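If you number the sequence shown the way this note's numbering does, the last residue is 92 and the count never jumps.
Hints in this document: simulated from the structure, not taken from any laboratory.
It is possible that some hints are incorrect.
[Claimed, not checked] Lysine-lysine pairs mimicking DSS-like chemistry, simulated, CA-CA at most 27 Å apart:
# : residue 1 : residue 2
1 : 39        : 4
2 : 46        : 4
3 : 40        : 4
4 : 46        : 31
In this text the structure is predicted, and so the values were computed from the model without any measurement.
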Amino acid sequence: MRIKVSYLSILRDVTHVSEEYLELPQRSTVKDLVALLVKKYGEGLKSFLDPGTDMGQGILVTLNGELLSSNEMERVIPEGSEVLIGIPPFGG
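Model the full structure from these sequences, guided by the hints.
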């Protein structure tokens, strides 16, 4: 299945793209997507998105516009979805 992934903030700098289209196996989860991205982009991305940890902490992940919590990383990604991944800005 084909999905669109968009990157915000420093993750855009790490991947060198603001968005891309990826092919995933049917019934892939958000965690599966993160594992694929870490494999594709290496240690630079793994320092922010490590599928072996509670990677939702401090990471912004939306699936078709819905903000996901860290305990929703096993959510299945539907065909044609848009996933946005970033680090929320801090400050005042």
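### Query
Taking 27 Å as the top limit, are the C-alpha atoms of residue 46 and residue 4 close enough?
holds, 20 Å
#### Entry: Restraint status (C-alpha distance of residue 39 to residue 4 at most 27 Å)
holds, 17 Å
### Query
Within a Cα-Cα threshold of 27 Å, do residue 40 and residue 4 meet the stated pairing?
Roughly 15 Å between the alpha carbons, so the hint for residue 40 and residue 4 holds.
### Task
With a cut-off of 27 Å on the C-alpha distance, tell me whether residue 46 and residue 31 pass.
holds, 13 Å
Violated hints for the displayed structure: none, as all numbered hints are satisfied.
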